[in-house]
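Just so you know, the protein sequences line up as chains A and B, in that order.
Per full-length UniProt numbering, the first sequence starts with residue 1, numbered consecutively.
Per full-length UniProt numbering, the second sequence starts with residue 1, numbered consecutively.
For the record, the hints were derived by calculation from the structure and aren't laboratory data.
Every value quoted in this text rests on a predicted model; they were computed, and no experiment measured them.
Hints are not guaranteed to be accurate.
Derived CB-CB ranges, DEER-like [to be verified]:
1) A/Thr146 with B/Glu319: 40 to 48 Å
2) B/Glu48 with A/Ser282: 32 to 40 Å
3) B/Gly294 with A/Gly294: 54 to 62 Å
4) A/Glu367 with B/Glu246: 48 to 56 Å
5) B/Arg351 with A/Glu261: 39 to 47 Å
6) A/Gly294 with B/Asp247: 32 to 40 Å
7) B/Pro378 with A/Ala251: 34 to 42 Å
8) A/Lys415 with B/Asp247: 45 to 53 Å
9) A/Leu110 with B/Arg355: 42 to 50 Å
Derived list of chain A stretches under chain B, where covered just means 3 residues or more per stretch with a C-beta under 8 Å from a C-beta of chain B [as the list claims (entries may be wrong)]:
10) 231-241
11) 289-299
Note that the Cβ used here is the ideal one computed from N, Cα and C, for glycine as well.
2 protein chains.
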Amino acid sequence: MTESQLQAVLDYADAHLDESVERLCDLIRIPSVSTDSAYAADCVRAAEWLSDAIKDLGFDASVRKTEGHPMVVGHNVAADGPHVLFYGHYDVQPVDPIELWESDPFEPVLRPAPDGDTHIVGRGASDDKGQLLTFVEACRAWKAVTGSLPIKVSMLFEGEEEAGSKSLGPFLEETAEELKADVVLVCDTDMWDRETPAITTMLRGLVGEEFEITCADRDLHSGMFGNAARNALQVTADIIASLRTEDGGVAVEGFYDGVSELDPEIKAQWERLPFDQEAFLSDVGLTIPAGEKGRSILEQVWARPSCEIHGMIGGYTQEGFKTVIPAKARAKVSFRLVAGQDPIAVRDAFRAHVRARVPQDCSVTFESHGASPAIALPLESPMLTATRDALGAEWGREAALAGTGGSIPIVGDFKRKLGMDTLLVGFARFDNRIHSPNEKYDLSSFKGGIRSFIRVLAALADQQKA
Amino acid sequence: MTESQLQAVLDYADAHLDESVERLCDLIRIPSVSTDSAYAADCVRAAEWLSDAIKDLGFDASVRKTEGHPMVVGHNVAADGPHVLFYGHYDVQPVDPIELWESDPFEPVLRPAPDGDTHIVGRGASDDKGQLLTFVEACRAWKAVTGSLPIKVSMLFEGEEEAGSKSLGPFLEETAEELKADVVLVCDTDMWDRETPAITTMLRGLVGEEFEITCADRDLHSGMFGNAARNALQVTADIIASLRTEDGGVAVEGFYDGVSELDPEIKAQWERLPFDQEAFLSDVGLTIPAGEKGRSILEQVWARPSCEIHGMIGGYTQEGFKTVIPAKARAKVSFRLVAGQDPIAVRDAFRAHVRARVPQDCSVTFESHGASPAIALPLESPMLTATRDALGAEWGREAALAGTGGSIPIVGDFKRKLGMDTLLVGFARFDNRIHSPNEKYDLSSFKGGIRSFIRVLAALADQQKA
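Construct the complete structure from the given sequences, taking the supplied hints into account.
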């Protein structure tokens with residue numbers, strides 16, 4: 001790879017950035033909400049859009065049916081270099097509360113930002129449509145300038161990442177031979193800060209659970225039954241309250257089994273990172289860390305397991321007042337896991353914890369929304385080094401090796417089912433409001449990300465030759 | 001009043017029962033849900049329907065505007081006897097969960113019951129359209145047979161009973177002179193059992209509260225912020241859990257101030273009543289009393305104050321899963337009060353209890369849904385005795401003097417604002433599913449209730465002469 005060739009590709013990407021933004025807006029306009037079956041046809045449309053987009057780049061691509069939303073698989077493996085499998089997801093989170101959006105979530109707008117940047121605003125602008133197109137557009141620039149890609153690239157896009165990825169495990173097993181590559185590249189992560197790129201090497205796992213408490217066989221009137229009849233909302237609130245300890249920990253018995261204290265070297269590295277603990281909270285209107293006392297926020301969100309309540313509903317929740325004793329109440333809860341925790345053991349411990357708190361004349365049912373272990377990636381590998389160097393060259397500073405509190409269960413699946421390690425390189429920012437109203441992706445993320453992946457592809461090609 | 005005259009009125013009512021049922025069905029068809037402003041016009045329609053109905057019986061009646069839903073007032077005071085003010089409400093509870101109704105809540109159906117009775121099924125069939133028309137139809141029979149009523153009767157129907165009766169206090173003050181009578185007759189209560197009529201002499205008060213917790217200034221992603229950011233649903237669940245004690249009591253400081261132990265004589269009377277504690281709960285699918293240990297169910301629901309959670313919502317509650325840390329959560333709570341408790345002190349104590357549990361960087365707002373004290377009526381009065389005797393004559397057994405766990409705040413208003421005592425006589429049954437799907441009124445309640453009120457009107461006329 002010559003410097004001038006690389007420079008030509010970078011120049012091409014810069015010159016055609018507007019077209020890249022237009023393609024991203026086209027993809028955002030497809031409301032591919034995976035958790036709501038009303039949007040199933042839109043998920044298919046998004047898959048077809050992506051398949052067509054990479055066919056344009058010379059990929060042998062197709063939409064593959066599953067029990068749920070379809071997969072997109074494409075291969076462009078003419079080059080000599082190593083073989084990278086790129087993974088992203090085209091599905092997005094629901095948009096509610098819709099009333100807090102300042103613009104239609106599925107009609108993206110470009111909004112000038114106070115810092116001179118431009119925000120691309122819409123559901124999925126960052127997570128994950130913007131991030132995955134960042135890589136696709138890098139490939140497009142290579143193809144446009146040199147007629148081919150510098151290394152072998154396969155792509156896999158799924159449509160159920162926000163819905164528990166139920167079809168993914170079986171699909172990976174069926175297509176294990178086809179998808180096998182030297183390394184997986186996943187783009188679902190953040191930059192360290194506006195100037196510092198990052199490669200994520202630690203990911204928390206996730207156990208997602210929903211439960212419903214049933215007490216009486218109908219809703220009751222509190223005038224007739226108040227005091228005497230068990231209240232399903234009270235039982236549910238009691239259970240939720242019992243999950244956390246006074247000092248911010250998790251009270252489920254056995255939950256911390258296998259959890260180690262953070263490696264002192266990593267802890268020291270994190271303490272050196274430019275991270276403003278107060279600003280992290282004050283940016284969202286808070287001041288007091290809610291997790292375990294005596295642990296830094298980075299440790300709380302990257303290296304400590306957590307328990308959060310995501311949704312709860314029961315009784316009369318409309319305008320006005322209704323003195324009903326609700327017969328049923330539902331709650332959605334998740335646990336973020338760290339290395340050493342067994343997700344199935346955590347799920348079992350949670351369910352036992354709940355069952356022990358359901359009165360004898362009431363009942364509980366559970367629904368699983370996934371169970372995946374935490375991942376800690378090997379820090380030393382030539383490909384990681386090459387990627388770090390490429391990112392450093394683009395951004396003018398060394399890439400941080402970070403953790404992330406979020407879960408990317410597929411990383412575990414790639415390791416277990418395909419024996420592949422994953423490089424996690426993303427250009428999202430902390431304030432992108434993913435999963436929230438007014439989600440956005442910075443134009444500088446998109447532009448710098450495309451340029452970064454152009455360099456990463458070159459570096460991986462060169463690393464092979466070295 | 002001669003026996004034969006009374007018998008003629010009773011016979012007329014029996015012979016025209018089908019027409020009475022048809023009128024009740026007409027009234028149920030008007031969806032006068034007071035807590036939802038979408039039904040405001042229907043509330044007006046229900047008021048006009050009632051005003052027209054009693055004009056037919058010779059009442060000087062009109063619909064009176066208020067800040068909320070209108071009142072209906074009517075007078076028929078040509079007779080010599082004492083003056084009764086009859087109170088009822090034409091508004092009804094919301095119908096959700098609508099999917100549990102076996103028929104349209106506002107298209108009443110007559111359904112044969114296993115015991116040979118017939119159920120009139122629809123929202124408001126019992127509470128309070130059925131109950132108030134029971135009295136109106138008794139007046140109709142008197143008017144049809146004798147051309148007049150045996151005593152002076154005024155009627156007052158409101159449309160906000162299920163919504164906190166906000167307009168009622170001011171209205172009673174404005175119309176105090178006009179509404180003054182010898183006694184109030186209120187029909188919002190139950191029979192003791194299928195064969196035993198009841199007059200209710202103890203009513204619990206009610207403090208209704210709604211609160212909203214706000215933590216972060218937006219919903220957050222638990223992968224990024226889990227552990228570190230306060231979760232509004234967790235805070236709300238912790239507060240709800242903190243309201244009750246382990247042994248079924250209420251944990252708000254000062255809540256039991258002024259509460260006396262039940263009078264031993266009344267306790268003994270209640271123990272003699274044919275009340276099946278196990279059946280009371282097993283009828284609704286439960287087996288274990290949830291209130292204070294060591295107290296009977298009747299004591300729990302009639303003579304002990306309570307705290308119930310009626311509604312709670314926060315976070316993502318639709319299909320699927322969303323790992324959001326909710327910024328806001330809401331809950332509706334009520335306290336049932338007994339004699340000796342000050343509703344304002346209870347409200348203040350509750351709010352202090354909540355505020356003490358809101359983290360410093362979060363906030364809470366409150367909305368009041370009413371605050372009314374408990375009522376204990378004087379057991380000895382000639383009118384009570386006359387009413388008891390009339391009920392006994394109709395049903396062939398002595399009327400029970402009962403308590404009720406429900407609140408009828410107007411009884412306190414009549415006492416405070418008009419200086420009037422209230423006779424609470426109703427023909428609803430425990431299993432009428434008021435406030436719940438498939439609310440019904442037994443045809444035997446309607447028929448026996450009309451006959452009972454015919455006798456009560458005669459007895460009050462005779463009592464005056466005695």
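Structure-based check of all given hints:
Distance hint for A/Thr146 and B/Glu319: a CB-CB separation of about 46 Å, consistent with the stated range 40 to 48 Å. Checking the proposed 32 to 40 Å range against B/Glu48 and A/Ser282 shows it is violated: the Cβ atoms sit about 57 Å from each other. Roughly 43 Å separates the CB atoms of B/Gly294 and A/Gly294, a value that falls outside the hinted 54 to 62 Å. For the pair A/Glu367 and B/Glu246, the beta carbons lie near 29 Å from each other, so the given range of 48 to 56 Å is not met.
Distance hint check: the CB atoms of B/Arg351 and A/Glu261 are about 42 Å apart, consistent with the given range 39 to 47 Å. In this structure the supplied range 32 to 40 Å holds for A/Gly294 paired with B/Asp247, their Cβ-Cβ distance being about 35 Å. Checked against the hint of 34 to 42 Å, the pair B/Pro378 and A/Ala251 fails, with Cβ atoms roughly 52 Å apart. Take A/Lys415 and B/Asp247: their Cβ atoms lie about 51 Å apart, and the range 45 to 53 Å holds.
Separated by about 44 Å at the C-beta atoms, A/Leu110 and B/Arg355 satisfy the suggested range of 42 to 50 Å. With 8 residues carrying a beta carbon less than 8 Å from a beta carbon of chain B, the stretch 231-241 of chain A meets the three-residue requirement, and the given coverage holds. Coverage of a stretch by a chain is defined here by at least three residues with a beta carbon nearer than 8 Å to that chain's beta carbons; for the stretch 289-299 of chain A and chain B the count is 5, and the condition holds.
Hints 2, 3, 4, 7 from the earlier list are contradicted by this structure; the remaining hints agree with it.
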